[in-house]
Amino acid sequence: MNENNYRRLMQNIHTPAGLNDRVLFAARRNTAQAEGKRLRKKNWRPVLRGAVCAACALALVLGTVTLVPGRSGGEQTGGTPAVSLDYSFGLTAYAAETGETVRPNANGGLALDSGSGMASEEIGHYTGCLFQVTGEGIETVSLAVNRGGLYRSETRTGLTTEEVRKLWQAEEAGGPVCNVYGESENAPMNAEVMTALGSSTTEDFDPEVRYGFWVPPEEYEADPDEDLRQAAWASIDTFDGARLTVKVTFADGTEQSKTYTLFTGRLRAEYGEDGTLNMLPQLAGDQEPYVYGIYAISETDSRWFQWPVQDSRTVSLGNPYGTVNGSFHSGIDIPAQEGSVILAAADGTVTEVGFDADRGNYLRLDHGDGLETVYAHCRDFTVEEGSTVRAGEMIGAVGSTGMSTGPHLCFQVWQDGTAQNPVAYFDSEIRDTLTAERED
Amino acid sequence: MTEQETFLRNAMEAHGDAVYRLALCRLRNTADAEDVYQDVFLRLLDQPARDWDGEHLKAWLLRTALNRCTDMHRFRLRQPVLSLDQLPAMARPADAAEGEQLAELWDTVAHLPEKLRTVVHLYYAEGYRTEEIAAMLGVPAATVRTRLRRARVKLKDLLGGFDNEREQLSQADAKYPHPRRAE
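Chains as they are written, first to last, in numbering that gives the first Met the number 0: chain G, 0 to 439; chain Z, 0 to 182.
Treat the hints with caution; some may be incorrect.
To be verified - Listed next, the stretches of chain Z that the computed footprint assigns to chain G, with coverage defined by at least 3 CB atoms under 8 Å from CB atoms of chain G:
id, region
1, 8 to 15
2, 20 to 30
3, 34 to 45
In case anyone wonders, no lab produced these hints; they're calculated from the structure.
These figures come from a predicted structure and were not determined experimentally.
The C-beta atom is built at its ideal place from N, Cα and C for all residues, glycine as well.
Next comes chain Z alone, as it looks inside the complex (with noise of 0.2 Å):
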């Protein structure tokens, strides 16, 4: 099973870090996120995926993951929450205040209601738009903006270098007045 093989690899030396991240975000906790991440991508063998392009491809894995998560929590309601010194594989910026603002701001993230979060990781970590991300989750995009509203609000400048809001979102609607489907 070469091929499969070879193809799993690449999709996961190209979308792995993604699928994992957005795992994690949701679920804040590294075995889970693990387990999600390998169904996922057996999941994928089961897909006529060979004829994505990128782009294609890394929706997909997303939205199952989303799915993945989805079915995850219906079986832990309450997880604990790792907080980021407990995440084995990262790296702390050498520079502490900044380390700080870092672990401040995965723990603000971390409690964000589910919903909230899973808007801001798509739409801070993985750059989707809003109407990208309305198509994945199944919602109007107005609501994923709300969303995003909200969650800014809690998450007041922690953000940072990023002033974003209006004219962001209204350049996006002119451009593409209809939300283009993730699949």
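Isolated chain G, as found in the complex (with noise of 0.2 Å):
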């Protein structure tokens, strides 16, 4: 575009702060209004005491991403259970907009959608970023974070006014940090209350308890001049890269633990069909939809693989993994140029290797614990059926076979017979190097 004087001048006007905000609430009201019904469960009639709050609770729109659990390799390798075996715990993450949990359905991975959070200077940041711990016969329940900090969410319903001035009080005198919302003014209240946990604790399982991460307030630096969404979201990085170890004893004296690696970023949304958000664990292009949060990975849990195209990092937008106008597509395509090396994404065997009209010439690798991967509409293959092959193993050369209108790799990712998300199974280091392209 050309430049000139008036879209120089024009470039310099911009929404004015606080704008988007606004709207964004008056959306949120008049959603409410017209479906107050299904949002009974949590009102949007916050009792705000500060604009912070208002911004953090509106800037930071939630999204829970569902990551698939590989089964918990330990448990199946070998042919002999483990001992313990009748009591396992996991993490769900926290939908606090719908009050749904989440089950974490990828790759041993949550991501915790940064929901109602609330910040001051006083009080340190309680990003909203809320999980749950679940399991059977859980006695006691261990948190640590090495970054940050953890806080306690618990919702109380059906206050009366006295009891919320009660909350109020005690959070004046330091205690538990409170946020109040309500059906109408004379209607029963009910209030999420907030308890800062420093970076570890031990507590008593409590099914019902969510848990947070909290940037204490000697850490939490709010520049009053940085838009507020900004602020939250570099607070909430402070935990990138953090680890956070959950312990827990059983009834019967055992212990388990798991640690997880937290990942922050604006998180690459997806719509479904039927107008449900979904989260990819990919960082999101500018002009894709996005939740800000933080992303959990159960490092015993997940399982990686490797990049299986030589020379392309691209994934291409233009059919991407999931249902897109009626037809679901089991895995994502990655354009390389024709006969571009194809590599085994990990250790396994060739359990097959054929062609059929719609995936041309395929193969599929057996990983072990009901994990398979497929590789579609490739030129050829020079590995056979039966051959066992290494992660980064060159198996075949990319081509245009089947319904395929160009040179391209159809990576697949199956556990137990079911398709998965493939971006899920990559780190961090790889999904950050992936570019996205649109097909025109």
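Got two chains here, separate frames each, mind docking them using the hints?
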């Protein structure tokens, strides 16, 4: 576009601060009025005690990511069930807006949206990124994070005005922070009560209790001139690269622990056919819908793949994984030059080499524990059925066979016969190098 | 209504400035511009906009903004014209002479007749081709060009850095003989 003074002049003019938040608030209010029933669980009439909470609650839109838990590997191998099979535990993400818990169902990870957060210089930043511990027979829960802190979030319902006043008094006296909301001025009120726990805690197990990530006041730097949302994101970034250790003791005295690595960022979001929002474990592009939040990956449950195509780190946006226009695409397309080298994503055995009209030349690798990868539309293969391959070994060349309009690899991941989103199986180092391309 | 809000927020981030600038150019008044802004984005939620690509979305937003601005005029036939200094969000250039020039440009554009002003804004600030503007406004492309020409006469050399006119337009004509509808 040509440069001119008028354009230069206009480029200095931006949407006034806070206008977007006001629109979001109005949109939310309209929706709440239109669908009052659906939102009854958490009505959007927050009694806000400061502009900071207002902006955070509004600006940080929530979502939940589904990440597939691979079957926890240890229990499956060797054919002998592990001793502690009776008891196990896991984490679920908590979607503050709907009050639903979201089970992790991708590669052992979960995404925590930054829901109804709250922040100030006195109380620090309650990020709203919440999770719950689930499992049978759990007695106590120990949580520790090596950066920032944690808080406990509980919902109290049916509060009278007097009880609300007590909560506020307690807060002013330095007690738990609370976020009060209700259907109307006169109806019973509800409150989310948030108690800071420091960087580690051990508590009796309560399945209803949610835990969240908290930035202590001494680490929370609020620049009054900064955009509130930017400030909240910067604060959430405290947890980027941090590790969360969860240890539980069971009724029979046994203990288990899991360590999660945390990542933060603009997680890419995707709308399902039915309007549900799924978050993908990858960073969003500039024009893509996203949700800012924390993404937790279980170090023990997750299985990681190598990128299957040499010299191409592109994922086609035109035909993504998932249901688009009513048809389900069970893999991701990786455009590459004809003849590019295809690499085995992990150690495994070639169980099938075949051809059909749809997938063209395809190859199936079995990686054990019900995990399989499929490479389709290939030109040819350099391995045969029954051969054993190592991760990163060349298995074939990219082509355009079958239902294909150009050279690309369709890469699929199957767990126990169900297609999974392949992107969830690449660790952040690979995900960060991926570029998305829209086919025109 | 998570996905709805995410969509709305992304739309505002991508195109909010363009909508606000257009509304401000049309109405010359921040309060009205903000009203139009909110109205446009709330109306977006009633649209099946999820599948639109970025350009389609932007065109819809700008067109709706124009319509809302027109509605606004029906209620307020005469409004005060804001000077550049009165814009709260405006960062003045460090160079005083340049700042002076921009302020004069703003003032001159603000006092153009509305039809010329809209065209100038869409053409110079948003970089739309005359055919696209024509489709957006529902007038012939030749009319858009006439308005642009008249506006240029009034703006004289204030626009700067832009030796345009004939070759530009004829080039576009040859390349796109048929106006592409913005919607």
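Here's how the hints hold up against the structure:
Coverage of the region 8 to 15 of chain Z by chain G holds in this model, with 6 residues showing a Cβ closer than 8 Å to a Cβ of that chain against a need of three. Coverage of the region 20 to 30 of chain Z by chain G holds in this model, with 4 residues showing a Cβ closer than 8 Å to a Cβ of that chain against a need of three. Under a criterion of three residues with beta carbons nearer than 8 Å to beta carbons of chain G, the stated coverage of the region 34 to 45 of chain Z is upheld, 5 such residues being counted.
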